[in-house]
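Let the sequences and hints guide you as you build the complete structure.
Chains as they are written, first to last, in the UniProt record's numbering: chain V, 1 to 353; chain R, 1 to 353; chain B, 1 to 353; chain H, 1 to 353.
The reader is advised that the hints may include incorrect statements.
Given that identical chains are not distinguished, each listed pair holds provided it fits within a single copy or across any two copies.
Calculated cross-link-like contacts (lysine-lysine; reagent style BS3-like; alpha-carbon spacing at most 30 angstroms) [unchecked claim]:
id, residue 1, residue 2
1, Lys66, Lys314
2, Lys126, Lys203
3, Lys314, Lys72
4, Lys126, Lys184
5, Lys314, Lys126
6, Lys314, Lys37
Hints in this document: simulated from the structure, not taken from any laboratory. None of the values given here were measured: they were computed from a predicted structure.
There are 4 protein chains.
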Amino acid sequence: MIIVIKSGTPSVEINRLSQEISSVWGITPEIVPGKHKVIIGLIGDTATLDPHRIQELSPCIEQVLKIEKDYKRVSREYRHGQASEVAVPTPNGVVYFGEHHPVVLIAGPCAVESEAAIVSTAKRIKAAGGSLLRGGAYKPRTSPYAFQGHGESALEMLAIAREASGLGIITEVMDTADVSRVAKVADIIQVGARNMQNFSLLKKVGAQDKPVLLKRGPSATIDEWLMAAEYIVAAGNPNVILCERGIRTFDRQYTRNLLDLSAVPVLRSLTHLPIAIDPSHGTGKSQLVPTMAKAAMAVGADSLMIEVHPNPAKALSDGPQSLTPDQFEALSKELEMVGKVLNRWPQPVAALV
Amino acid sequence: MIIVIKSGTPSVEINRLSQEISSVWGITPEIVPGKHKVIIGLIGDTATLDPHRIQELSPCIEQVLKIEKDYKRVSREYRHGQASEVAVPTPNGVVYFGEHHPVVLIAGPCAVESEAAIVSTAKRIKAAGGSLLRGGAYKPRTSPYAFQGHGESALEMLAIAREASGLGIITEVMDTADVSRVAKVADIIQVGARNMQNFSLLKKVGAQDKPVLLKRGPSATIDEWLMAAEYIVAAGNPNVILCERGIRTFDRQYTRNLLDLSAVPVLRSLTHLPIAIDPSHGTGKSQLVPTMAKAAMAVGADSLMIEVHPNPAKALSDGPQSLTPDQFEALSKELEMVGKVLNRWPQPVAALV
Amino acid sequence: MIIVIKSGTPSVEINRLSQEISSVWGITPEIVPGKHKVIIGLIGDTATLDPHRIQELSPCIEQVLKIEKDYKRVSREYRHGQASEVAVPTPNGVVYFGEHHPVVLIAGPCAVESEAAIVSTAKRIKAAGGSLLRGGAYKPRTSPYAFQGHGESALEMLAIAREASGLGIITEVMDTADVSRVAKVADIIQVGARNMQNFSLLKKVGAQDKPVLLKRGPSATIDEWLMAAEYIVAAGNPNVILCERGIRTFDRQYTRNLLDLSAVPVLRSLTHLPIAIDPSHGTGKSQLVPTMAKAAMAVGADSLMIEVHPNPAKALSDGPQSLTPDQFEALSKELEMVGKVLNRWPQPVAALV
Amino acid sequence: MIIVIKSGTPSVEINRLSQEISSVWGITPEIVPGKHKVIIGLIGDTATLDPHRIQELSPCIEQVLKIEKDYKRVSREYRHGQASEVAVPTPNGVVYFGEHHPVVLIAGPCAVESEAAIVSTAKRIKAAGGSLLRGGAYKPRTSPYAFQGHGESALEMLAIAREASGLGIITEVMDTADVSRVAKVADIIQVGARNMQNFSLLKKVGAQDKPVLLKRGPSATIDEWLMAAEYIVAAGNPNVILCERGIRTFDRQYTRNLLDLSAVPVLRSLTHLPIAIDPSHGTGKSQLVPTMAKAAMAVGADSLMIEVHPNPAKALSDGPQSLTPDQFEALSKELEMVGKVLNRWPQPVAALV
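Have a look at this one:
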């Protein structure tokens with residue numbers, strides 16, 4: 001941590017401040033006199049120090065600069081620069097998420113609506129190269145009057161679809177009280193964008209052992225997102241997948257959110273965790289999904305999460321951003337072309353096509 | 001709801017669409033032929049219709065415009081244009097929040113730290129004209145390694161401070177599992193900014209009977225905020241106070257958030273609910289708090305929520321935005337001057353000064 | 001245009017309003033009575049009507065919805081759904097920008113620094129497959145104390161580099177007084193992001209006949225950007241290329257701007273104009289440029305504009321986002337792989353490799 | 001400036017870097033070894049150093065932190081902590097802008113429309129306590145098809161209104177070619193929000209001697225705004241008034257922009273320049289203007305700029321945000337009440353009422 005002292009501060013105050021820091025926190029300050037300003041470098045274990053508290057120690061402090069990152073366990077340095085992988089056992093075999101693995105396709109409807117629909121959708125997704133089935137049992141909706149998901153019965157339908165298709169299941173949990181119930185069915189537990197800083201929930205999913213897909217909040221910075229992941233890992237669960245799904249900007253005329261694709265190369269240098277992209281929520285419009293899915297491949301995402309619904313016009317939620325199974329199949333073929341060029345496409349599946 | 005048809009659409013398709021809408025939703029469409037474009041007006045109970053689903057009915061639809069608001073119970077129209085008031089019983093008497101009442105001062109530390117500190121702070125706040133004591137027992141923190149609040153023991157300290165000062169208590173709940181525990185001590189339950197769209201929590205606080213102060217999420221639109229309030233009211237609890245505490249913008253160099261003071265006059269025309277302003281979180285800097293508190297009075301806020309800590313430099317959280325009790329007392333006198341001019345200052349307190 | 005009337009408005013006022021509109025603007029209003037609200041559809045040539053002026057006609061108006069777009073000449077409809085192309089004659093032949101042409105590579109330094117450097121850089125760019133040379137003579141800089149470009153002498157150096165390499169030249173104009181001077185040397189005139197709404201400048205570049213590359217302002221909506229293009233086209237110059245270069249968001253920690261790649265598919269449906277992407281300004285970091293350039297290919301950009309400097313560490317401006325000529329050459333080979341899969345790579349160049 | 005070195009960097013590289021900095025820029029680096037990271041403090045005149053160029057010197061650099069501000073002449077320190085004042089001679093006497101002067105009221109229509117209207121409006125404004133008349137001759141409009149102002153003839157009308165009312169004149173300049181023409185009539189030249197970073201224009205208005213009111217760009221940071229002011233002052237004109245007029249955020253449903261009132265206390269600590277607030281553009285709605293104007297008084301603005309039009313419904317631009325002369329008069333009386341409490345209301349005018 002670095003303290004910048006206002007110009008014109010008497011040296012007696014600078015010394016007093018140094019001594020206070022040293023005595024209160026046991027940290028050795030190093031005073032560096034500049035031509036215009038004095039700076040004080042804090043040497044020692046300053047990661048847990050709150051810069052705001054330092055700021056309050058003296059009115060002569062101009063600013064306090066934190067040069068250490070707040071996150072540790074999710075940082076790339078924590079694994080000595082190596083990527084981690086998240087292994088997810090499914091009936092069809094273990095699916096690996098990570099930068100040294102092929103891209104994992106996750107697909108399915110926004111919400112689970114009926115057993116027949118989810119089973120047939122799952123089979124179509126499997127046939128088109130998907131590895132996991134998404135489908136909401138508990139739905140966070142802006143309006144209390146909108147469809148809130150079928151809850152427990154939807155979890156049962158997901159279990160049936162898992163059995164029928166061999167796909168792994170990913171579904172969202174919204175309430176700490178539902179975590180163990182969801183974990184029984186899900187192969188990956190999703191924490192949604194609106195709950196990215198629901199710290200009670202993060203601690204709870206960190207204390208169980210299913211992998212967690214953590215969506216980025218629509219106005220969360222990269223650092224806040226990584227700190228949310230740190231909550232889960234610090235609670236004992238190292239299997240976290242980050243999922244970018246669009247952020248909020250000043251222009252919401254043509255897209256629901258703005259998909260931040262540069263987050264992928266940025267995160268690569270900061271964290272070892274695998275990274276997924278959700279172009280469906282990221283744009284909110286089905287006609288934009290295939291293009292943005294290809295771009296997500298191009299930036300090196302480890303997984304794509306795509307909404308697929310047998311009849312988007314009749315979907316109980318998020319219809320306009322869903323592909324039909326036919327469209328998903330066509331997209332999968334386009335992705336294969338790009339994925340092969342970039343060496344991120346699964347070889348065996350390619351062979352089967 | 002209004003459907004705008006793409007120019008050049010054959011009338012046979014427009015008729016087909018009209019019939020589909022009529023047969024599926026029982027709504028009468030009215031076709032209005034314009035010079036350039038045809039529009040279809042949907043007449044009937046369209047409030048629960050999802051415009052996205054309409055959009056999917058035909059590729060000839062250019063856009064679907066929703067002209068009804070999604071919220072009902074919190075709308076100004078719901079009370080025929082009249083403001084509502086929230087009455088909060090405290091040991092010192094009932095405190096009223098509402099546009100026809102004097103401004104209510106809420107003050108206290110970010111987090112409850114010790115019994116002695118919270119009791120003495122409460123007494124200072126009472127003496128300076130405050131009506132409620134704020135203090136966090138459960139703290140949402142960006143980092144899992146930061147102080148998370150003293151939890152249940154902090155609730156006990158708040159109960160003691162309530163007894164000692166006569167102030168009502170407001171404190172935050174973060175987890176559905178804690179709602180009843182918090183409701184036992186609190187006179188007002190706070191839902192924090194990060195949980196504004198934690199819908200499980202909103203339903204839960206809507207199902208108990210203590211008033212709820214609902215903070216605006218840092219990137220929530222006015223409409224999303226009102227929908228969050230609608231969740232609480234729809235669950236049975238009409239006593240909601242809205243609290244603006246700063247939104248997120250592109251410039252975060254000098255203030256933690258940007259306090260949206262225009263939200264107050266905007267909300268007045270949309271909702272009957274009382275409105276509070278939190279200039280402490282809204283700026284993140286104690287030296288900006290008094291100025292912005294006066295401005296909050298000027299825009300007609302019904303309540304101000306201000307962080308006060310006996311020794312901000314040693315606060316376990318949010319020290320830099322806290323006033324000392326002396327500063328709060330000085331601010332209260334400044335507010336009185338402005339408040340009297342605007343007829344929003346409590347007469348009896350004025351008499352005691 | 002559609003007028004939504006507040007509920008409870010007496011029909012006498014609605015009739016009065018209709019008659020006023022009819023008499024003042026000669027537009028036929030169509031009254032559509034809904035169950036909750038009355039709407040009035042305005043039939044006729046309403047494109048130039050200002051919704052704000054309608055709003056003021058009566059206090060009973062809840063909102064005025066404009067359903068016509070403000071832009072005409074740049075709209076996709078204006079060319080009956082067909083893309084336009086911009087043809088740029090250069091010493092090496094005509095370069096075409098458009099969705100039915102191969103991707104055009106534009107490269108070069110932020111600012112022109114010396115004749116030797118710009119000539120050698122131009123040759124390297126030519127060898128790596130570039131078609132146009134960028135280089136600033138007049139530089140918009142946040143600080144008055146920063147290097148402002150070499151001005152006229154830089155224009156001369158660009159002319160020499162054009163001669164030596166055969167590349168076309170693109171350079172920015174900032175002042176209406178410099179337009180004719182810049183147009184003498186440039187094959188494409190650039191209007192920078194900060195000047196996107198410098199309407200005097202837009203009119204001026206619209207009144208000369210060199211093609212114009214119009215960068216998106218960092219906080220411009222898609223609609224505002226298209227309106228800025230409309231200024232140029234309305235002034236007589238149909239040869240406009242739109243260039244996305246990153247927008248401003250709440251998170252500026254790791255990227256200078258956020259590259260909005262979804263703008264490409266969005267613009268495709270709105271406008272016939274060609275679209276370029278600038279991943280250098282879009283990220284501000286050279287290490288992110290190759291990845292985002294590939295993604296820009298994947299979303300279907302018609303051109304990429306990339307900063308290349310022989311020695312980025314010594315660049316007088318924007319060094320950190322510049323590639324070296326070697327890095328650009330490597331990137332060009334990566335782009336070729338992706339471009340061939342997507343049928344957007346120039347065949348002859350591919351043959352030469 | 002401070003350089004943070006990546007952990008694990010060999011000391012030989014750190015020494016090499018230090019020597020390069022020392023030899024190239026003549027600056028003495030001070031190496032501060034921390035427990036986790038080494039930092040290098042640069043001592044000497046580093047204000048003009050570009051941190052990006054330092055960054056490129058070595059791959060071992062984690063980040064470069066600039067602790068000096070880029071602006072000098074507009075900084076509060078430049079005047080040893082004292083506020084400056086801007087004196088504007090008008091027919092009615094010298095008007096002073098500054099924190100030790102009463103609030104200056106500027107009012108008038110968005111655009112000058114006719115001689116009769118501007119003269120009568122000016123007289124009403126004078127009678128209600130205004131000191132300067134605003135009115136656009138050259139109007140920046142999003143659409144090329146919207147009214148662009150009456151140009152030179154509007155300047156003549158302003159001159160007549162000045163004569164008739166005694167008010168000073170403030171009007172906008174958009175093109176470097178118009179500066180001297182505008183300066184002949186205007187007592188204050190306005191640089192509009194969209195031109196805040198039109199650096200050619202800033203230099204030009206800095207090279208003439210009328211005071212300049214510089215509006216904040218809708219997505220300009222405080223620092224960028226101050227740098228724009230620095231351009232004017234560095235070009236020789238110290239008489240700059242800053243004017244906040246609302247910034248762009250994610251929520252544009254109910255207000256055109258979000259008025260950043262906290263900018264006033266923030267700027268007080270950074271700059272000596274006077275500060276004005278424009279609540280008309282800041283909200284875009286006339287019904288919000290009075291409330292936000294009072295709040296602007298409360299935060300200590302030195303001037304308010306308010307749109308007044310004799311018949312807002314017929315205004316050629318920005319009607320919906322204009323007050324009528326009657327409304328302005330009523331607002332002036334409300335402002336007087338608040339202004340007197342805060343000691344910012346002109347005594348003589350108060351005496352005349």
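### Violated hints - listed by number, lowest first
2
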